[in-house]
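Trainee: If you want the building blocks of each chain, they are given just below.
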Amino acid sequence: MLATAVNEIVSTKINPNVVPHLHIWEWHIPLYLFLGGLAGGLLVITSIMIVLKRKFGIGPRDQGDGCPCLAVRIGSVLSPTLLGIGMLFLFLDLAHPLYVWAFYTTIQPTSPMSAGSWILIAFFPLAILQAMLVNKRQLRSFNIELINKVIDWTENHMTIVALVNAHIGVGIGIYTGILLSFFSARPLWSSSILGMLFLVSGISSAAALMLLLAPEDEKPVYSMIDANAIWIELMTVGLFVLGGLTGSANTHGAMMHLITGDINLAGMSYMFWFWGIFIASGLVVPLLLEFLEAAGVHIKFPNVAPVMVLFGGLILRFLIVFAGQTYHTFM
Amino acid sequence: MVIDTRVCVGCSACVYACKQENSVPEGYCRDWVVQESGGEYPKLTMENRSERCQHCENAPCVTYCPTRASHYAEDGTVQINRSLCTGCKACMAACPYDARYVHPEGYVDKCSLCKHRIEQGLETACVSICPTGSLNLVDFNNMDEKTKELLKGKIVYRQKEHAGTEPSLQWISASNKPGA
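Protein chains in written order, with our numbering: chain A, 298 to 628; chain B, 781 to 960.
For reference, chain A alone in the conformation it holds in the complex (with noise of 0.2 angstroms):
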């Protein structure tokens, strides 16, 4: 007889913010997540590129008066500027911007966005000083007296530069799931797997990134760096998916919002967004065409895979965000 039972509420809660769902972040958090997780995952790889060619003299060959290869200086730029980026969508997306000071005079242990707020200004000096370090060539041709100074002082120290960088990285990857995880009142963020998750794709997505960038006598490393990445990630999403199945009805409903989910998200479903631009053309087919060019099967537009990779990047944060908020409240 239960089946036949009814439950309606009807309410006049009318803020918009909150009926007839969440509707807080909009493209600005998903797009400075994206930019967190590739400014985080840049940081890891350059970082440990730098340490396996000063330590163990793996990697592409340096390019003389200690300048590392041409794509670790990239992405050892691109790494503070992507983040410096991200921070500005960040900001675009507070209601009082004017007020941003006021992350800057606490902080506050339970709250991850503060942690977060500190995390971010913690990243640049270091990030930039590798940066300029890995550039220190170029950089003492402008012949500034500051910045010369500052590369005297520090360049035999590059390695433990770029060891503590590694670390930060890791750290900003993680923190940019983790902000969204600890809600526990939104059941699809609710999930400790999501920093790790992001941690990977964000690393998946700067390896191909740097592979774009690289020229072709280092794109084997970061195509190897790529697919790897790309593997471990189809694995933690794997376990975020099961995690939410297997979880209460809030978890296991939040997860089918999103894995099964026909709400539209720019003219297709969160399902197709999913499995077919996700998983399939963010993981799983770029897998298959690195895989095939390392095992000497050249593909004619080699370039496809890693756009493909940082689309699906793209994607999963655009994805995660809304479905977390299209999805009711904890119940």
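Mixed in with the good hints, there may be bad ones.
[To be verified] Subject to a maximum C-alpha distance of 27 angstroms in a straight line, what follows is the list of computed BS3-like cross-link-like pairs (lysine-lysine): (1) B:Lys799 - B:Lys940; (2) B:Lys799 - B:Lys957; (3) A:Lys310 - B:Lys799; (4) B:Lys799 - B:Lys823; (5) A:Lys310 - B:Lys895; (6) A:Lys446 - A:Lys352; (7) B:Lys928 - B:Lys940; (8) A:Lys310 - B:Lys932; (9) A:Lys516 - A:Lys350; (10) B:Lys823 - B:Lys934; (11) A:Lys310 - B:Lys940; (12) B:Lys957 - B:Lys932.
[To be verified] DEER-style ranges, computed between Cβ atoms: (13) A:Asn304 - B:Glu925: 32 to 40 angstroms; (14) B:Val787 - A:Thr557: 39 to 47 angstroms; (15) B:Lys934 - A:Ile560: 39 to 47 angstroms; (16) B:Gly933 - A:Pro394: 47 to 55 angstroms; (17) A:Ala577 - B:Asp855: 51 to 59 angstroms.
Just so you know, these hints were derived from the structure itself, not from any lab.
Here the structure is a predicted model, which is why all the values come from computation and not from measurement.
C-beta: ideal position from N, C-alpha, C; glycine also.
On the provided structure of chain A, position chain B as indicated by the hints.
Mentor: Coordinates of chain B only, in the frame set by chain A:
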């Protein structure tokens, strides 16, 4: 606050009193009325209730606020310091009751339990206007005899207690009505 749903008729006087008293902008509300119907014909039940911020003792909005804008006041209510609110909306994502909204002037707003009125020894606007006495302002740490009598022997619930928020609003269920 104790909300006696047995006598709530869903008139929305609480909503409009609040809107005027607190200058809530058009298209927004700090409190609202819910009508929940359930069961199977002919055994149907209906409950009207006035809802608002739960002023949780373990409020996720306070936990997640990065700037201390959302905070506990001395009287235990949850308040927002507008001059620290950046409008990052973390508190809104954190609230399991969706009790907050972004004010058009650029800060997050919600029920303040009419702090300004209580400080003057008055009741909240919603309590003062309620025509059926459904809304009762109660100090749970120092309950008077009238409140004890009101709650005695009744089915009383709090919303989403399993969220661990320790909400400070209590509802006397409509199932306490004779014949329900």
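Trainee: It remains to establish, for every hint, whether it holds in the given structure.
Mentor: Results for each hint:
As the CA atoms of Lys799 of chain B and Lys940 of chain B are separated by approximately 26 angstroms, the hinted pair is consistent with the 27 angstroms bound. Only pairs whose Cα atoms come within 27 angstroms are accepted, and Lys799 of chain B paired with Lys957 of chain B is rejected, the gap being roughly 30 angstroms. Our distance criterion of 27 angstroms between C-alpha atoms is met by Lys310 of chain A and Lys799 of chain B, whose separation comes to about 12 angstroms. For the suggested pair Lys799 of chain B and Lys823 of chain B, the alpha carbons sit about 36 angstroms apart, so the restraint of at most 27 angstroms is broken.
Between the alpha carbons of Lys310 of chain A and Lys895 of chain B the distance comes to roughly 22 angstroms, so the proposed pair stays at or under 27 angstroms and holds. A threshold of 27 angstroms between alpha carbons decides the hint, and for Lys446 of chain A with Lys352 of chain A the separation of about 25 angstroms falls inside it, so the pair holds. For the proposed pair Lys928 of chain B and Lys940 of chain B, the alpha carbon gap of about 23 angstroms is at most 27 angstroms, so the pair holds. The suggested pairing of Lys310 of chain A with Lys932 of chain B is violated, with an alpha-carbon distance near 31 angstroms, which exceeds 27 angstroms.
A distance of roughly 16 angstroms separates the Cα atoms of Lys516 of chain A and Lys350 of chain A; the hinted pair therefore holds under the 27 angstroms criterion. For the suggested pair Lys823 of chain B and Lys934 of chain B, the alpha carbons sit about 21 angstroms apart, so the restraint of at most 27 angstroms is met. A distance of roughly 18 angstroms separates the Cα atoms of Lys310 of chain A and Lys940 of chain B; the hinted pair therefore holds under the 27 angstroms criterion. A C-alpha spacing of about 14 angstroms is found between Lys957 of chain B and Lys932 of chain B, which places the hinted pair at or below 27 angstroms, so the restraint holds.
A C-beta distance of roughly 36 angstroms is found between Asn304 of chain A and Glu925 of chain B, which places it inside the suggested range of 32 to 40 angstroms. The given range of 39 to 47 angstroms is respected by Val787 of chain B and Thr557 of chain A, whose C-beta atoms sit roughly 44 angstroms from each other. Restraint check, Lys934 of chain B to Ile560 of chain A: a C-beta distance of roughly 41 angstroms satisfies the suggested window 39 to 47 angstroms. Between Gly933 of chain B and Pro394 of chain A the C-beta distance comes to about 54 angstroms, which sits within the given range of 47 to 55 angstroms.
Distance hint check: the CB atoms of Ala577 of chain A and Asp855 of chain B are about 56 angstroms apart, consistent with the given range 51 to 59 angstroms.
Of the numbered hints listed earlier, those contradicted by the structure are 2, 4, 8.
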